[in-house]
Amino acid sequence: MTIQLIDELIKVCMVLLVVLTALVISRRNLISLINTYALHSLVLSAIAFLFFLGEGANVFLYASILTIITKLWLIPALLKRTQKIMKIYTDLEYHYLHPTSSIFLSLFIVIIVFLAFSGIKDDLGLDPFNYFGVVMGFSLVLIGFMIIFSRIKIITKTIGYLVMENGVVLLSFFVGEMPFLIEVMVLMDLLALVAITSILGFGMNSSIEEFHKRLNPFRNWFKKVDEK
Amino acid sequence: MLIVILSVLIAVMLAIILSRSLNMMNYVTVFHSVFVALFPVYLLVKGVLPAVFHKSRYLVVDTLGAYEILITGVIFFFAAIYAKGYVACLIKEGELSKANVKLFYLGYNSLLLAMVLAFSSNNLSVLWIFAEITTIVSAVLIVTLNAKENIVAAMKYVFITSTAMLFSFIGLILLFAASKNGSGAATLNWDALLQASHQIQPQLLFFSFVFIFIGFAAKSGIVPFHTWLPPSHSKAASDVSVLLSGSVLNIGIYAILRVYALVAKSSMGHEASMMVLVFGIITVGIASLSMLQKTNLKKLIAYSSVESMGFMLIGIAAGNIFWVLYFVAAHAMVKALLFFSAGIIHRQYGSMSMAEIKGVFRLQPLAALGLIIGSVAIIGTPLFPMFMPKFYIIASLAKASLFSAIILLLFLLIAAGSFVWLILQLVTMQGAAPEPYEIYPSMKIPILALILLLLVFGAYFPLPLSGILAEMVSLLGLGG
Amino acid sequence: MSGFIAFAIINVVVVMALAPLYISLVKKMKAFLQGRKGPGLLQAYYSLWKLFKKEVVYSSNSSFIMRVAPYISIISALVAALFVPLLFIPDDYSGFGNIILLLYILAVGKFFMALGGLDAGSAFGGMGSSREMSISSMVEPVVIVLFAAIAFVFRSTNLFEILREASHGLGGYASLWLLLIPLVIVLLTETARIPIDNPETHLELTMVHEAMILEQSGRNLALLEIASAIKQLLLMGIIINLFMPMGFNLQVLFPAGILIAFGAFAIKGAFLAASIGVIESSVAKLRLFRLPNLFALSFFLSVVTIMMEVLL
Amino acid sequence: MMPTLFFQSGVGLLLIASFLALVFLHVKQSRIRKCFLALIILACVLFLASSLSVLLGGDALAFYLMLSGLRVSLSIDVLAAFFIGIIGLVGLSVAIYSLSYVEHVGSERKKNFMLSMMAVFILSMVLVVASHHLLGFLVFWELMSISSLFLVLIDFEKEETRKAGIFYFVMTQLSTVFLIFAFALIYNHAGTLEIITIRGLPPFIASLVFVSLALGFGIKAGAIPFHKWLPYAHPASPSPISALMSGVMIKVAIYGIVRFILLLPDKKLWWGILILILGTSSALLGVIYALKEHDLKRLLAYHSIENIGIILIGIGLYMLFSWYSQPAIALLALFAALFHTLNHALFKSLLFLSAGSVVHATHTKNIEKMGGLMKTMPYTAALFLIGAISISALPPLNGFVSELMLFQVFFSSGVIASPMMTLVLFFALSLFALTSALAAACFVKAFGIVFLALPRSKEAEMAKESGPAMILGQAILAVLCIGLGVFSFQIFQQVGQKAGISFDLPNLLLISATAVFIGAVIFIAVRGISNRNVRISETWGCGIASQNSRMEYTASGFSDPILTIFSSIYRTKKINRRSFHDHDSAVFKEGHAEVLLLRFFEEYLYLPVVRLIRFLSSFLYKVQNKVELDPYLLSSFVAILALLLYLGVAIR
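Protein chains in written order, with the numbering used here: chain A, 1 to 228; chain B, 1 to 480; chain C, 1 to 312; chain D, 1 to 652.
None of these hints come from the bench; they were simulated from the model. Just so it is clear, CB atoms sit at the ideal spot from N, CA and C, and this is done for glycine as well. Hints may be right or wrong, so weigh each one.
Taking lysine to any residue and the SDA-like style, the derived pairs with C-alpha atoms no more than 20 Å apart in a straight line are [claimed, not checked]:
#1 C:K50 with D:I32
#2 D:K292 with D:E603
#3 A:K121 with B:N181
So the derived label-pair ranges between C-beta atoms look like this [claimed, not checked]:
#4 D:V23 with B:G431: 26 to 32 Å
#5 B:S353 with D:K626: 15 to 21 Å
#6 A:I3 with B:S267: 33 to 39 Å
#7 A:S101 with B:G431: 48 to 54 Å
Use the sequences and the hints to build the structure in full.
This is how it looks when you write it as structure tokens:
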């Protein structure tokens with residue numbers, strides 16, 4: 001494959017990412033929300049893989065594989081389990097923003113990010129293509145943030161956080177690869193975070209006794225599904 | 001050395017997991033914190049700093065790290081002693097279920113571990129990860145109490161800091177790229193960055209500083225990222241509040257200080273210090289105004305933590321790192337004293353509402369004394385350790401910007417007013433309160449010890465300490 | 001020193017001798033203007049003598065303040081008499097003559113009189129003291145500025161020096177004539193005369209000074225009367241020797257010079273006392289709260305004097 | 001080295017006393033309290049000795065103290081020695097007075113605590129004055145504030161005391177804030193913290209330092225418009241403490257002003273004018289407010305404001321005349337200010353102590369409920385009278401001498417080259433004269449209503465004379481008041497020789513002797529010629545058979561004419577609420593009318609600030625006290641967006 005083709009493909013993937021993000025903003029069904037996130041991560045790993053093809057650095061390959069393992073399988077599974085326990089299927093309400101205003105705000109965000117990063121574009125040595133990637137990555141972070149504060153349910157918030165994290169990863173692809181060890185540790189951290197927010201989210205929707213039963217010992221969390 | 005440390009840690013964790021009795025867990029924890037406290041002392045006395053743990057230089061303990069570890073160790077040590085009695089009280093009152101005690105101690109020791117590792121990280125991204133881990137572990141510690149508000153508080157803590165920390169990570173990525181573009185060798189090792197900092201593009205450096213600042217500012221409760229702090233510090237068990245306020249908050253300031261050291265000498269140094277100053281002043285202002293709402297004792301103390309953090313930022317911006325570092329230690333001690341005393345008050349009255357704290361001198365004289373001495377100390381009264389750093393930092397600030405010094409002084413006055421109101425309330429409110437609550441001696445020891453420490457450090461400034469502080473300043477390259 | 005002692009004795013004797021006379025003279029003048037015959041010129045002496053021979057009545061509520069106030073009053077008046085040279089200026093007057101001290105020595109007497117007014121617990125006495133202290137505090141700035149103006153003109157705060165300078169004539173000090181009006185107002189105020197106070201009446205609405213000493217009787221009342229007469233004479237003496245220095249401080253041989261000066265002073269005093277009588281008869285008493293206006297006038301004139309001195 | 005040793009052992013004794021009193025907080029025996037007080041008395045005597053040796057011998061003492069790593073240099077030069085002398089004197093008499101007074105203070109703990117804090121208080125004041133190091137100054141200054149705060153709060157059960165405490169604290173800390181600011185500026189520009197380094201400041205900074213010092217010390221000294229804490233704090237605290245606070249603590253602020261003004265370089269004309277305006281307004285308004293007070297201790301507190309004003313006038317005159325290069329007159333003004341400081345310390349402490357005896361005896365501070373105490377408490381009455389004469393500036397007592405010196409300075413303002421300034425000074429002179437006359441009026445009222453005529457309440461009737469220690473404590477001060485007045489000429493001859501200037505003071509000794517002589521002659525003469533019969537009878541009351549206390553003139557009645565004349569200064573607010581039975585407001589149901597005295601400075605200066613802060617704080621509380629997470633996240637989101645915008649603009 002030629003470099004041009006890869007670049008084109010990456011551009012396609014990025015468009016896909018934007019579309020998926022818009023879906024995350026507007027989805028109300030939790031299951032489909034989680035699935036959308038999984039797809040989001042898949043596109044991300046695809047981009048990593050394309051980078052591997054284009055630049056040949058092994059880090060991208062590992063990153064791609066890791067993303068698939070954790071974000072396509074582990075985290076969605078965890079989330080789905082939580083969702084099942086909590087018996088919540090939809091997240092209907094919005095805070096501050098509605099889907100349409102969210103989309104407009106996202107546009108605004110992109111412009112601001114574009115403006116803000118233009119100052120260091122040359123310092124970082126970014127060509128327009130990479131610069132676009134950086135802007136997209138950062139905008140994803142902010143849009144994820146927007147999801148966190150505009151949606152009510154904890155699971156949605158967690159997904160918002162995950163979208164943010166995807167944005168960070170995307171940005172890092174375009175700026176330059178981080179040491180692999182760091183990437184792994186970040187992912188571990190992410191897992192722990194998702195776990196804790198899920199547990200806390202459960203706690204908010206249940207009685208204290210039930211919550212503590214699950215909280216301690218940890219392993220109970222993964223064994224039992226509440227039958228009520 | 002690494003092996004010795006690791007084996008101790010593993011032994012500690014195993015011991016906790018395996019132990020059956022509460023006392024056993026407590027003793028192990030006390031041992032652990034003593035070990036942590038002695039570790040930097042050993043390093044300092046031996047003069048082997050910086051101690052490098054691996055050739056990747058990811059983990060390096062330099063003087064600053066050792067100093068912070070020492071503070072952490074001391075605070076955790078006192079908290080561990082306090083925990084013995086406090087946990088027993090909590091169980092007796094049914095606020096902590098017995099099954100959760102193990103989780104509590106596990107979290108306690110992991111938090112200590114994460115703190116130590118964070119302070120020994122030379123690599124900024126490693127520091128970032130450990131800082132994240134402290135968030136998660138702290139959240140676990142907060143929710144061990146049987147109260148729903150605790151979950152909400154922990155949730156706030158996790159979400160607000162983690163989202164902000166992601167921006168920090170972006171900053172780290174940018175810094176990483178910048179170091180590659182500037183000096184050729186891509187690295188996030190702090191010592192290497194400091195050496196190469198003059199080669200890095202200043203704009204880029206500043207850019208990444210701003211992002212890194214966001215995350216760690218959230219970590220240490222800087223306005224407007226402070227909103228998690230009052231609820232989580234006030235809802236957590238007092239023992240945990242001590243850890244959070246006296247120790248965990250320091251990570252943020254510590255990281256900001258490190259990164260600030262990189263950017264301060266560049267051509268964007270002025271912008272950086274201006275930004276830090278603005279955040280500091282806003283923080284002190286909002287916190288001191290919020291302290292005036294006299295409802296909840298622990299919330300008041302928590303807001304005062306926010307205020308102190310803001311003050312540290314101001315100190316950094318004013319360029320008086322020497323006294324900022326001393327302030328960190330003083331603040332940790334005072335905050336520990338305040339929260340320990342508040343814990344006893346909480347046991348006595350079953351509430352933190354200030355209106356209900358009546359006749360405290362009759363019921364809990366030691367707690368009252370602790371609160372009063374703590375309040376007197378934290379407002380920067382002379383002959384207490386907070387006074388000298390406050391004076392010198394304000395002096396430096398007045399040199400940099402007269403206007404902000406005046407504003408700052410007025411805010412500090414408001415903050416002091418709230419504490420005096422608290423003292424008055426404690427001293428004057430009499431009422432037919434219940435019988436004195438029986439307090440375990442292990443809860444009294446830390447309070448007494450801290451009062452003594454405060455008095456000693458207030459009256460006497462040890463000369464070796466001055467050497468250590470100066471060494472840290474020169475290490476950061478921020479001297480004069 | 002012996003010169004001063006001689007001066008002191010002569011001054012005190014003159015004061016004691018002349019003070020009641022002018023009280024009567026003013027009364028006589030007022031009576032004349034009202035078409036009455038009026039008391040004889042020696043009436044004041046008779047009255048005093050009679051008072052001395054009467055028994056003293058103390059209120060059962062009163063304390064020693066009541067008993068000492070008359071003495072302090074007369075002492076303050078007599079000490080003040082040492083500050084105002086009436087006939088001649090001694091060579092050595094060290095320690096005396098400070099005009100501020102003079103003022104405050106008079107104030108001591110007033111202070112104790114006011115306390116004495118409160119001592120018996122009667123409403124009249126309290127009212128009198130209250131009004132007296134109000135008026136005196138209103139007039140105080142006026143007096144001080146007036147004296148400051150005088151001191152400023154003569155570059156001295158010592159009355160002996162001022163009067164010595166003035167005895168050469170006021171030719172060089174034209175602006176000083178402006179001070180005559182404030183001085184007269186102060187004189188009227190300090191001696192409790194119309195338009196500030198009414199010495200004749202015992203009508204509760206108008207009296208000030210008389211209300212204050214209402215409870216005093218017998219020899220104590222006599223002492224107070226003498227003291228206020230002396231005060232009047234001293235203030236008159238300042239005005240006379242400042243503006244009409246003819247015959248004052250003659251550098252002639254001892255008995256003759258003194259006698260001439262005494263004669264001159266007595267005549268000038270009589271003239272001034274008569275003028276006071278005229279003034280008292282021709283104006284109406286002011287309401288208490290209108291007094292600040294009057295004082296403002298004299299204050300203004302004093303300030304103008306100073307301004308003239310400073311600017312011209 | 002003896003004086004240094006005296007000083008140091010005095011410090012040590014006070015430390016021991018305060019420590020022991022804290023340790024034996026619960027001890028009931030009054031004997032042990034006597035021991036503590038003996039320690040304090042001894043320490044004060046030692047301070048006096050060391051101060052006198054400096055004042056007479058002239059050699060400044062210098063030594064140092066290690067304080068949390070700082071080498072705080074202490075130095076007792078003539079100025080410091082003078083103030084230490086004041087502290088020693090007043091401390092001595094207050095401690096003697098307390099020997100019996102302290103037994104009347106609440107519980108055992110309170111008694112011992114009061115003694116402990118009193119020792120710390122005296123100690124801190126002495127050290128503030130002695131300290132020659134900015135940080136040391138600040139440390140002891142704070143110690144002084146805190147210990148006095150505790151002392152104000154001794155009677156903490158009362159609501160008004162608590163209010164007074166918080167008010168006092170805020171004001172005193174505000175003063176510290178300004179001091180910190182000024183010291184920080186000095187430190188920045190001079191590099192070290194020795195007080196003497198203040199000389200090297202650039203002009204603008206010097207002005208800034210001056211203003212903030214003037215504010216800082218002005219607040220502590222109680223100069224108008226920063227005076228509000230004084231009338232709250234003084235009545236709230238026990239009388240010996242009021243005596244210390246009013247007699248000495250606010251003098252320490254004066255010490256600060258004098259010390260720094262002497263050192264500051266590049267003095268501007270407007271500095272002097274500022275101080276003069278501050279002084280004149282404090283003096284005049286202080287006494288005018290005092291006139292309307294009927295709370296005895298608050299009345300005295302307002303008089304403290306007045307006298308601080310007088311002292312400030314002296315300092316202002318010093319600055320003005322030295323700007324116009326008239327060093328001799330300037331020095332006279334400075335000596336007048338300092339002498340008045342001493343005098344005020346003496347007579348105001350005396351007055352507060354005797355007021356304390358009175359309040360203790362009658363259990364009320366309201367003078368409308370007193371009266372007739374002259375007969376039941378003759379010694380206290382006599383002592384109060386001496387204080388009253390002294391504060392009313394009547395000769396031959398000390399209060400008169402210092403005011404006389406000020407008058408002389410004013411009178412010589414003709415030497416100033418600028419006519420405008422001369423006129424301004426004459427105007428200030430008239431206000432000053434008004435002040436001193438009003439003070440006399442006020443003390444006629446105070447003494448007359450409290451001690452003369454008939455008792456106005458049961459308590460006043462039952463009042464008992466206080467114990468010998470209390471009398472002795474006051475007597476020391478009273479004797480000094482008389483002595484310093486009568487011997488002023490001789491004293492200032494000595495001082496003049498040392499300072500190299502001549503004071504043109506009247507010889508009050510001679511005049512008093514003359515007065516005594518005349519008095520004796522008059523007395524003999526009157527006895528010789530007059531009727532010696534004395535009759536005791538009812539006061540004449542227009543024929544009403546027996547007089548009672550309701551017929552007496554009241555304090556409000558007494559001050560009413562002056563209040564009417566100054567009615568534009570006392571603003572009143574009339575409240576009239578009525579409710580009716582019907583809609584047409586025809587049938588009256590009930591009503592409420594009241595005339596409130598508007599406290600001008602409180603209404604227009606303090607309260608708006610308090611309201612603003614309270615509004616902000618409750619707003620922030622509302623914003624920050626949400627249950628949900630989202631608003632919090634939104635705030636950080638907005639902050640981050642703002643930072644991004646900033647970056648977009650800043651980095652180009």
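Now the hints, each set against the structure:
no.: 1; hint: C:K50 with D:I32; result: violated, 64 Å
no.: 2; hint: D:K292 with D:E603; result: holds, 18 Å
no.: 3; hint: A:K121 with B:N181; result: holds, 12 Å
no.: 4; hint: D:V23 with B:G431: 26 to 32 Å; result: holds, 28 Å
no.: 5; hint: B:S353 with D:K626: 15 to 21 Å; result: holds, 19 Å
no.: 6; hint: A:I3 with B:S267: 33 to 39 Å; result: holds, 37 Å
no.: 7; hint: A:S101 with B:G431: 48 to 54 Å; result: holds, 53 Å
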